[in-house]
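For the protein sequence lines, the chains are F and P, in the order given.
If you count the first sequence from 1, position 144 lands on 183 in this note's numbering, and the numbers rise without skipping.
If you count the second sequence from 1, position 104 lands on 107 in this note's numbering, and the numbers rise without skipping.
Note that these hints are calculated values from the structure, not bench results.
The beta-carbon is built from N, C-alpha and C at its ideal position, and this holds for glycine as well.
Please note that the accuracy of each hint is not assured.
Said to hold, decoys possible - Label pairs and their computed distance ranges (CB to CB):
#, chain 1, residue 1, chain 2, residue 2, range
1, F, V580, P, Q98, 46 to 54 angstroms
2, P, Q49, F, S410, 34 to 42 angstroms
3, P, R48, F, E465, 56 to 64 angstroms
4, P, S130, F, R429, 39 to 47 angstroms
5, P, R48, F, H435, 32 to 40 angstroms
6, P, Q49, F, E465, 57 to 65 angstroms
7, F, I363, P, K131, 46 to 54 angstroms
8, F, S410, P, K131, 49 to 57 angstroms
9, F, E459, P, Q98, 29 to 37 angstroms
10, P, Q49, F, R429, 37 to 45 angstroms
11, P, Q98, F, P536, 52 to 60 angstroms
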Amino acid sequence: MEKAPYQKLRWEIVFVIISFSVVPLMILGAFIYQEFSSSATAKIQESLKTLAENRRASLDLFLEERVSQLVTLAGTHSLERLSDEDYLHKVFNIIQTRSRSYIDLGVIDEEGNHLAYVGPYYSILKGVNYKNEEWFSAVTASGVYISDVFTGFRRIPHFIIAVMVRERNKIWILRATIDSEIVENIVRAALIGKQGDAFLVNRDNILQTSPRFHGKLLEPVSCAMYREACPNFSRATGTLVEEKSMGGMERLYGVSVLQNKRWVLVIIEDPLEQLSPLFRARYLGVLIGLAGILVIVVGAFFITRAMMKELERMERKRAAADEISIQSAKMAALGKMAAGIAHEINNPLAVIGEKAGWMKDLLKMKDLGQSENFQEFADAVTKIEYHINRAKTVTHRLLGFARRMEPVSEKVSINRVLDETINFLENEARYRNIDIQTDYNPDLPAITSDSTQLQQVFLNIFNNAIDAIGKDGEILIHTSLITKTNAVAIEISDNGPGIPKEVLNKIFDPFFTTKEVGKGTGLGLSISYSIVEKLGGRMMVASQEGEGTTFTIYLPMDHEAAHIYH
Amino acid sequence: MEKFKMLVVDDETDFLETILKRIKARNIEVAGVESGYQALEALDRQDFDVIILDVKMPGLDGIETLREIKKKKPLVEVIMLTGHASVESGIQGMQLGAFDYVMKPVALDELLEKVRQAYERKLIQESKA
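In isolation and in its complexed conformation, chain F is listed as follows:
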């Protein structure tokens, strides 16, 4: 049996099993991940947009409420009434009870002078003239004004809301300072995750609230952490969500412009953070996938190995069966030939026999008795008959051989079969100065077996022993009864050179031979082994290099004929 094609087949099967299992697994994994990833990304963007709009609406509502309060206050009171600081104080207190966002409240005439002021900075602000302030001209132009955040005189971040009132050709302004802490809080509520940020910028891209990472209040937006210029959020319109890579990091920007158009709400989040459940799933998926692949690979190897083993076993079995069938076909052909030859020789032999017999008959008649060569004739005829008999023995034995092809069940005396077999080889052994010693158990019972086939087995082993010894040696044959297993043991030992360890387990293999090319077929021991097996027995070998070899055959004592064929 060749090893290489099996090895190749083995790898092919392994490869096919692995690729047919792993490829669909990987495609499925990639597909599912792709689907989840895109839907998760879409969801994250959607929720960011909702958040941005939500926060923007809160801010709008907050500013709207403040403006409404001031407009209502200004519209329902005359300048005169509100210029009364005691009254203004009362009003301020009422507003403050519901809304803590007001820092102070002031009434300013068209010249920019503070007519009345309620708040913590009375001494500083009471005398201030606002006429040259930027917001003053803005509010006179548009009626309502919301400033950017500034620190102003107070040194704390705040912004102002001013509303202008026209009263009998006179204008006056109601102005409130709003603590930007409230705005900060609304914006801060939009912070997401550890890397997320949220802030307000004005149209000049100046920060109106304190971001976590993107610069400082009242300074331009800074993206120093990414070592890159920030996108300009101040130019945005409406609400939009955008993903952008900043300094190698993915960032998701949600931008929404407030109603007053002055401020833009910016919410930044780290999509990786938001996607972390997906990444955990991916990590788990990859882990499970790798484990699956490992299982498949190991499984493929084991399955293939088992398959190959089975295949090899079957191949070996088939080879052995082939061997036996070849052998039996050979023997059958040989038998047929022997029978044919015997027949062809027997017929002329019969004619010769009859002719010789007739001559003998004639010689017995008296008239030939006087012939001077009578005795010569008589001797010749007798010799002819003797040799016809000799030839007959040969042909009849050939026919007997032909008939003995199938294993038979008969009572066999092992000791006698051994003796008969030794007789065949005695001449050869004597010529080579090999001493054949027998040590039989005389009480060995007759066993049910096939003497002809056993003879073949013994002959094989003796032949091998004689060949192994070469010249000058000893063969010892020992028979014994093993009552425990109900078997007969036959030990055949020689003191030849022994069999090397590395070939000892091959000697029963078909076509294994140590003899020169042409001298041995390598079939002898293989056939012997199968014969012994067929007869229900076992054959074993023990050998010590330099000391000799012992073959031991165990044959069952009561061997039913049926067992031979099973």
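We have chain F already, so just place chain P on it with the hints.
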């Protein structure tokens, strides 16, 4: 002169001629033919007690001839003579009612001994009938 009549059937002329001469020399009434058909014809013309029949012959072979002989004259004893290994045909012959089968070459005296035994059996069978 012995009391029985023999017929030898063999396609080998040399063998047939010689064995006939030898049997006749022993004062036994014997005839010889070279094929199965001739044997059946001879059997029609006259009675025989024991027939020596070669198994392997061209034309009608020994087994077929035996079957025909037993149809015609069931009491005739037949000894099969074979140079062949076929145990099967021997056994088949016995099953078809042959007295015995003998392998060539055979010593004439042994053969005649078997013929005498066959004749004895024939006599016993006839007395029963």
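Flag every earlier hint the structure violates by its number, smallest first.
none
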